[in-house]
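All chains should be built: construct the whole structure from the sequences, respecting the hints.
One letter stands for each residue in the lines below.
There are 2 protein chains.
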Amino acid sequence: MIHCLLPLIVLFGSPAHPTSDDEPFSHVDPFLGTGGYGHTFPGAVMPFGMVQLSPDTASRDPKESYPWCAGYRYEDPTILGFSHTHLSGTGHSDLGDFLVMPMVGEVHTDPGPEDRPDQGYRSRFSHDLERAEPGYYTVQLLDPDVKAELTATTRVGVHRYTFPETERAHILMDLVHAIYNFDGKVVWSSVTVHDDRVVTGYRQTTGWAPDRRIYFAAEFSKPFKSYSLTREDREHYYFRERGVRRQPVGAQTFSGRKLKLVFHFDTEANEPILLKVGISPTDVAGARRNLEKEVPHWDFERVRHEAKTAWRQELDRVRIDGDRATKQIFYTSLYHASIAPMTYCDVDGRYPGMDGCIRNAGDHLNYTVFSLWDTYRATHPLFTLIQRERVPDMIRSMVRHYEENPRKQLPIWSLHGNETYCMIGYHAVSVIGDAYLKGIRGFDVARAYQAVRDTATHPDYDGLHHYRKRGYVPIDLEPEAASKTLEYAYDDFVIAQMARALGRKADFRAFSERAKSYRNVFDPVTGFMRARLADGRFREPFDPFRAAWAGDYTEGNAWQYSWYVPHDVQGLIELMGGRHSFVTKLDRLFEVETDEEKYKEVDDISGLIGQYVHGNEPSHHIAYLYNYAGMPWRTQERIAQILSVMYQTGPEGLAGNEDCGQMSAWYLFSALGFYPVAPGDGVYVIGKPSLPRATIQLGGGKTFVVTAEDLSPENIYIQSVRLNGKDWPYSYLYHRDIAVGGSLHFEMGPEPNRAWGSDPTRVPPSMTETSKTW
Amino acid sequence: MIHCLLPLIVLFGSPAHPTSDDEPFSHVDPFLGTGGYGHTFPGAVMPFGMVQLSPDTASRDPKESYPWCAGYRYEDPTILGFSHTHLSGTGHSDLGDFLVMPMVGEVHTDPGPEDRPDQGYRSRFSHDLERAEPGYYTVQLLDPDVKAELTATTRVGVHRYTFPETERAHILMDLVHAIYNFDGKVVWSSVTVHDDRVVTGYRQTTGWAPDRRIYFAAEFSKPFKSYSLTREDREHYYFRERGVRRQPVGAQTFSGRKLKLVFHFDTEANEPILLKVGISPTDVAGARRNLEKEVPHWDFERVRHEAKTAWRQELDRVRIDGDRATKQIFYTSLYHASIAPMTYCDVDGRYPGMDGCIRNAGDHLNYTVFSLWDTYRATHPLFTLIQRERVPDMIRSMVRHYEENPRKQLPIWSLHGNETYCMIGYHAVSVIGDAYLKGIRGFDVARAYQAVRDTATHPDYDGLHHYRKRGYVPIDLEPEAASKTLEYAYDDFVIAQMARALGRKADFRAFSERAKSYRNVFDPVTGFMRARLADGRFREPFDPFRAAWAGDYTEGNAWQYSWYVPHDVQGLIELMGGRHSFVTKLDRLFEVETDEEKYKEVDDISGLIGQYVHGNEPSHHIAYLYNYAGMPWRTQERIAQILSVMYQTGPEGLAGNEDCGQMSAWYLFSALGFYPVAPGDGVYVIGKPSLPRATIQLGGGKTFVVTAEDLSPENIYIQSVRLNGKDWPYSYLYHRDIAVGGSLHFEMGPEPNRAWGSDPTRVPPSMTETSKTW
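So the protein lines, in turn, are chains A and B. Here the numbering used here is used: the first residue of the first sequence is 1330, the next is one more, and so on. Here the numbering used here is used: the first residue of the second sequence is 1330, the next is one more, and so on.
Any given hint could be a false lead.
To be verified - With a straight-line Cα cutoff of 27 Å, these simulated DSSO-like cross-link-like pairs (lysine-lysine) come out:
1. B:Lys-1798 - A:Lys-1554
2. B:Lys-1798 - B:Lys-1845
3. B:Lys-1587 - A:Lys-1587
Stated by the list, open to error - Covered by chain B, according to a simulated footprint, are these stretches of chain A (three or more residues, beta-carbon under 8 Å):
4. 1514-1524
5. 1682-1690
What the hints assert, rightly or not - Only some residues are given here: those of chain B computed to face chain A with a beta carbon under 7 Å:
6. Trp-1517
7. Ser-1519
8. Thr-1521
9. Ala-1580
10. Thr-1582
11. Ala-1614
12. Cys-1686
13. Arg-1736
To be clear, the hints were calculated from the coordinates, so they are not data collected in a lab. Quick caveat: nothing in here was measured; it's all calculated off a predicted structure. Glycine included, C-beta positions come from ideal geometry on N, C-alpha and C.
Written as structure tokens, this is what we have:
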């Protein structure tokens, strides 16, 4: 983290709103994860904000899009401009709407090559002259010699460009630029220049979101003296015109697939020009209304201050003691876990449903970007503790998605009113069931349960009908069949628990039965979960190290997926031959290594410890499984190891894609000392605390304080646990124990306490027990 | 008119709703104008209906699109299918949405060549097995041996296909097909197959309407057993997949630029399959609602009967006596004058504004397809007599267009929420002013006048600011400058009259002054209206016969445009050197001929008598100008000639593009015996009646009865006129004389009565008089 230790803080910081050096806000580093595989972006965003205004450094051939999922890579030497929508930490990409870039001198409408930025609008920059804080980003663009500053409200991006003295100052708006920018990405766009200050428009794109419209309303603080347009589109019958055209005065509307506008200004030395851009998923009127309601003024610092205030509140939800590096990682994790899902409605509640029709969420927020295969694991459970008031609207948004989806499915991976069908499972049921079982209300439970049930019995989704008929997904009929069977079984467990709570006995029994389906893909001969053929045989050849594209598993291999029975670990232990062989195999997971060649087809595998892959989600619960075998000290060792190796400060601080909060939520839980292995069972498995003290704000004035005495790099072992002052012999907690408020105290030491948590009556419960209770 | 004299009437007619052989309905021939240059379509439409469901016979290279503006040409040997939206009689083209075609046997997704229809879904057909009546069309498709029948409500098209016995019956829905179908026309589309009966979707197109979306909701009367999809799009990164794919059961959504679906059925002999398709400009929910509200049943004959009932009411607005051919031409003209503008809102009032935002017209209809350069002349004046209750909603629609248009202009040529800027002038002001001056209310007059004024003072429209500054549009700064100057001057006259009525003295004076601008382009040396350069000189070389693309005139030459001073014919007579030389020149217009080579650049010039071009609008008022020179018998001769030559029965019955009712409205007025030369002056110039008796329903129980005694092919001259039984010495009528109801009686004879209408005090008034009155 070179960039925020420099005296530039003084140069760029806002003296009007001083930040205490030790408040959480000052520890957040938006650059964390922008290098390597983190795929985070450093730009300005409000908590769960729709506008995510951030620099884009490259946009290349779609086949190479993976490294640029967030638009920005810390390693890149140039900036193309600043676009208004991003995804935080994903492994696939889209968005990058409405790129804005200042220029001085010659007018360019193409970015030009990275190594010759003077040939285009692209600019060189230095990290020495770049800084970011939650809700604010600034960089000195070296080529036009313009200082760029960005801030944002939920639906409005505010730009401030400080120009040198020139008669040739320009601000580009490029509607062609996109993240994951293959040819044909922009299927249509339209821009209206209303006068010499106001511009509105939209674009419709295809890509990861197959059919997406986004609208904008932009206003400049200063009238432009003229503007130019290019809409060269050689493939298109209508728009073969070449070159950049200076446009006449007066309102004009331009349509096409390749629109780029350049607005021209005269500027004095150090003259700032502000541009505020409201965006909307609904229509231009929505974008205008968002702009007018959220930023009815030209005070950049006020917007920045409001963003800062909002982030301060978010970051206060967990206050910790710890060293500077720990605070940076912890608070940045909290920051990254408060970006997705994003708001997806106008100030008046309007949003486009999955059927393209405009709806109104009323007083509730509508959310999109549910990266559920990732976030059901720890992000949404985290929300049930520290974002409890947001959870009902998230569930409402999912149920709306189901109801407005012609296929009547809860979201799998929702993106701007679209379903991308990315990844596997139907984990929205886990989010809904977990929240319901934790007593969260504020949504229509009957409608939600209907959505859950319909999604889990959908006639045409990823081999689900085969699974329902046979108890497993056959690999000769559906790819990634082993992973699908395992994840469906877990989701079904959650449905069973919700059904039980709702008094739906038949559903409880049926889904409890389905939840045991994991057994149908366990191969006792090899000891691994494997993909079965329709005829019942396991598919050959089998190599437990191989991770293949559309193979037996999803972004993983047998080593990683064989642990995926989070809801019935005791059942898995039995299958694997009892505690001893289970633990031996678990140890081996962290030790065996293999040729990288076996992973070459899969992008997302990174952060390896043996075959444990922290950079991708299927491994996230595994280190906690020792507790189920009565050996929590082994979990403590693994968590200590993972925390120290996989989470670092700085741009390359993340071992893999941040994944819309999941990598961060894993860290937050694990640093606090517990983790939700099987959301829906109401249990957090105790790991290894890493903070001397942490205070979790649960809402309603309640707090849960976690303290760890004698914590040190050597003292990684739990000696004893006290819950609300009383001795706690179990290696897990119930959600209710935390949610009512109280305290959890760990006594740490350099040697394991092999007695604590080893008794079979004190290990975390599994489905086998849960099911018996009814 | 071979096709409706055949015994097929018996075969195809609906015995449930017998039609009296002599009621107006039975005289309408929807094929009139479908051949030659008429550009009408024969399909099913309700009065002013949104759905205009009609066969398309060809769709070729965009450069050849002109002959296929209506989708259908009577001359063509094959039908491609039946699409839901058309334009009636236009000279440019678009639409043709959602082509449906039945097939039997092999599945095709391309139409195939015209000469080998078996290679595609295209089918041969015979006019012997084709029939149409208002609201109903049927044809026997020879290749699949399927009888196709179409009927429509305002927003729903209902198809009935009667199949032979087969296990390979198919119904295609082609979302790529379009009228004016250049590559890239469909910018995006999406289809959702909900189950085995319901399909919804939309497409977005560019073209004449640059940015247009249209939605549909379709339902089959019988479940399809399966369906196939092709979305081959070689240019597009995402959709390179080849061939037709059979799809699985269950709701599916498909997006792309080249979607075609084929639904498969088993059928028994003579089994009809119905398909009803609701369309909406708003969204899929709108299309569904339109479908459910307008056709909540499967009774094809009921829809057909409702359409028939609606058309009977329309056609009752003018009842005439006359021979069979006259009735066919007259009632078909009335039919064609009741198709455009079309309804452009859902049953709940929603429609997309010109800014793309969804609005609600409430209890009022929103209209689109204002072909104003054509229709301000006679169609809208006709509406002020026989469609008085529709006029306020038309004006509201225009004012909404102005308000929702970022450029704040009334429509020039509006098309499905778009402005095409087709043709010249700002003739919406004529429509609004004329209606207001005729006492029509029911719209916000202040807002309407604001729209009129802003449109006429727009800073950036077709040289208007030059015109305002110099009194003419300079040809070196703006093409078609002579025509623009002349038409602006007329529009300004109407504004002046409206200003006067509103008590806006300054506006009255200013626009009256502008209305004299025609004088600035009159060249006393050649005696023609000519285009001037910015320096004041007339542009050379000058050839009064030449009509050039983007030349001095709009779709015309000096001979045709030099008469375009409808509001101040006395002023024009003065300029041209008095009555005698005016009439001499007018005679010469109808006599001089020239090489067709001089017109080759312009599409729309057809129906020539000398240099008089009845097939295009700039000539439409000219034959009436003799009255202004006190020689109404010369007008009577010309009208008799034009009526007999330019209007015939049968597919080639029209001398030029029908133009959204204008060619028909000219006929209707002229056959009745009077014509609005200068809408806005409240005057109808008396021509030559052609009907022994006509009863015009004015609404509110009032009628105006026109009778012509001793009418015969020889007796073309008016001997005397009686208005409400009293002698009428004037060669014109005021609107108020007609609007209050009453009778007009003509006495006809074989020789002119040179006394009637010759006195200078009894000729139609001109601006010079009108202006003096204030």
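Going through the hints against the structure:
Taken as a hint, the Lys-1798 (chain B) and Lys-1554 (chain A) pair is honoured in the structure, with Cα atoms around 23 Å apart against an allowance of 27 Å. Taking the CA atoms of Lys-1798 (chain B) and Lys-1845 (chain B), the gap is near 14 Å; set against the 27 Å cutoff, the hint holds. In summary, the hint linking Lys-1587 (chain B) to Lys-1587 (chain A) is supported, as the alpha carbons are separated by about 20 Å, within the 27 Å threshold. Note: the segment 1514-1524 of chain A has 6 residues with beta-carbon separation from chain B under 8 Å; the three-residue rule is met and the coverage holds.
Coverage of a stretch by a chain is defined here by at least three residues with a beta carbon nearer than 8 Å to that chain's beta carbons; for the segment 1682-1690 of chain A and chain B the count is 4, and the condition holds. Annotation: Trp-1517 (chain B) was flagged as interfacial toward chain A, and the flag holds, the nearest CB pair being 4 Å apart, inside 7 Å. Checking Ser-1519 (chain B) against chain A: minimum C-beta separation of about 5 Å stays under 7 Å; hint holds. With a cut of 7 Å, the hint placing Thr-1521 (chain B) at the interface with chain A holds, because the nearest CB-to-CB distance is about 4 Å.
Annotation: interface hint on Ala-1580 (chain B) holds; nearest CB of chain A at approximately 4 Å, less than 7 Å. This hint holds: Thr-1582 (chain B) has a C-beta 6 Å from the nearest C-beta of chain A, less than the 7 Å allowed. For Ala-1614 (chain B), the suggested interface contact is upheld, since its CB lies about 4 Å from the closest CB of chain A, less than 7 Å. Interface hint status for Cys-1686 (chain B): upheld, as the beta-carbon distance to the closest one in chain A is roughly 4 Å, under 7 Å.
The beta carbon of Arg-1736 (chain B) is positioned within 7 Å of a beta carbon in chain A (closest approach about 4 Å), and the interface hint is therefore held.
No hint from the list above goes unmet by this structure.
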